[in-house]
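*Asks:* Line by line, the protein sequences give chains A and B.
Numbering-wise (the UniProt record's numbering), the first sequence opens with residue 1 and increments by one.
Numbering-wise (the UniProt record's numbering), the second sequence opens with residue 1 and increments by one.
A few of these clues could be false.
Pairs count within a copy or across copies, as identical chains cannot be separated in the list.
Stated by the list, open to error - Computed cross-link-like contacts, DSS-like style, restricted to lysine-lysine with a CA-CA straight-line distance of at most 25 Å: (1) Lys189 - Lys206; (2) Lys34 - Lys206; (3) Lys189 - Lys34; (4) Lys86 - Lys68; (5) Lys189 - Lys128; (6) Lys128 - Lys206; (7) Lys152 - Lys206; (8) Lys63 - Lys86.
For the record, the hints were derived by calculation from the structure and aren't laboratory data.
Protein chains: 2
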Amino acid sequence: MSANRGNLFILSAPSGAGKSSLITALLKRHADMKVSVSHTTRQPRPGEENAVHYHFVTVDEFKALIDKNDFFEWAQVFENYYGTSKQAIETQLAHGIDVFLDIDWQGARQVRELAPDVQTIFIVPPSKAELESRLNNRGQDSAEVIASRMAKAQAETSHYDEYDYMIINDDFDIALSELETIVLSHRLKQSNQALKYQPLLTDLLKED
Amino acid sequence: MSANRGNLFILSAPSGAGKSSLITALLKRHADMKVSVSHTTRQPRPGEENAVHYHFVTVDEFKALIDKNDFFEWAQVFENYYGTSKQAIETQLAHGIDVFLDIDWQGARQVRELAPDVQTIFIVPPSKAELESRLNNRGQDSAEVIASRMAKAQAETSHYDEYDYMIINDDFDIALSELETIVLSHRLKQSNQALKYQPLLTDLLKED
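Chain A with its partners taken away, still in its complex shape (with noise of 0.2 Å):
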């Protein structure tokens, strides 16, 4: 085990502001750095994987795992559950990974109140015309659905106010480097790298 611990994080944005794309970049940086792998009842989709995309389970077994009080915040959307093992996130901080958390600002309140060290990211698009674009780019649904979508998005956006920090994804490239900031921040605390640096303070403090 490293004497680096990781530092958790939550990122939360309205659909159509990029927040997969920056995550999926940004990992590609940082082979120390991973997103959360949640549990979930339903069913996978064509390409995802087990353990990889999601840990798909029975409603049995999510179900057990409430009740041994393992999950960080989970929540049920129609028939399927959703939720965040603690254990695992736990294994992947003590190992000195930064974690992430791809959840919405309802999970985000849950986690806060059980982990206060919690950093939290929101990431807004930089216009709502840019907004309405991307989400009519899907080109899969029907305009109504377009409108709920984007009445789903503002609510999300309006507990920006919530977050920590917040990142504008106008330029791609500078909201990544936005975010990598960030996280690359927080390896600098004080407590972190006090722990990291054990040896060399006690040597520095030590008298002749």
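Given the structure of chain A, go ahead and fit chain B onto it with the hints provided.
*Replies:* Frame of chain A, contents of chain B only:
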């Protein structure tokens, strides 16, 4: 006046940690970062300019500023007074400039009480041997003076755990990049971004 508001930082370090070189290099990269210019009653040394290195004032002028409550923190070191003017800092922050206070742990304590939002950074050398070597390399002083400087450096270092961040100045370029990361990350704090991007947030949240 910009809608950007700058952030206030304290940089402390034992003598020999390389703090001054790091600050100088950082300021060369960023026109919107400045070191606070202190007031002092001591005589200018060769090459020191008024309002650049210090605001050189008389003891009577300094005491008048104390009476006007114009100092963030002040101290008397032997027969000389040193102080940090609140008004000068506030003006720079309001113009979107990140301001650095180059002060010791005692000054840091005073400022923290008046400005709880201040971010504090402690810089340490990579080893005791390297610190000793750096203090020796100045080559101007007796062994006794160097030993006393070493004791002072250790006393300063013992306060590392009162700081928000810690940087190990082993490789200069890495240390510089870390200092930059910390400073830039605070521009991304939600409260700063919300101020800067208020029109965007209004746009995103307005109903059609």
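*Asks:* It remains to establish, for every hint, whether it holds in the given structure.
*Replies:* Hints versus structure:
With identical chains, the CA atoms of Lys189 and Lys206 are at most 25 Å apart within one copy only, with a shortest distance of 23 Å there and 38 Å across copies. When the C-alpha separation of Lys34 and Lys206 is checked against a cutoff of 25 Å, the pair qualifies neither within a copy, at 38 Å, nor between copies, at 35 Å. Taking identical chains as interchangeable, the C-alpha atoms of Lys189 and Lys34 lie at most 25 Å apart whether they share a chain (20 Å) or sit on different chains (22 Å). For the homomeric pair Lys86 and Lys68, the shortest alpha-carbon distance inside one copy (11 Å) is at most 25 Å, but the shortest distance between copies (54 Å) is not.
In this assembly of identical chains, Lys189 and Lys128 lie within 25 Å of each other by CA distance solely across copies; the values are 22 Å between and 36 Å within a copy. Taking CA atoms no more than 25 Å apart as the test, Lys128 paired with Lys206 passes between copies only; the shortest distance there is 9 Å, against 58 Å inside one copy. For the homomeric pair Lys152 and Lys206, the shortest alpha-carbon distance between copies (13 Å) is at most 25 Å, but the shortest distance inside one copy (58 Å) is not. Only within a single protomer do Lys63 and Lys86 lie at most 25 Å apart by alpha-carbon distance; the minimum there is 15 Å, versus 58 Å between protomers.
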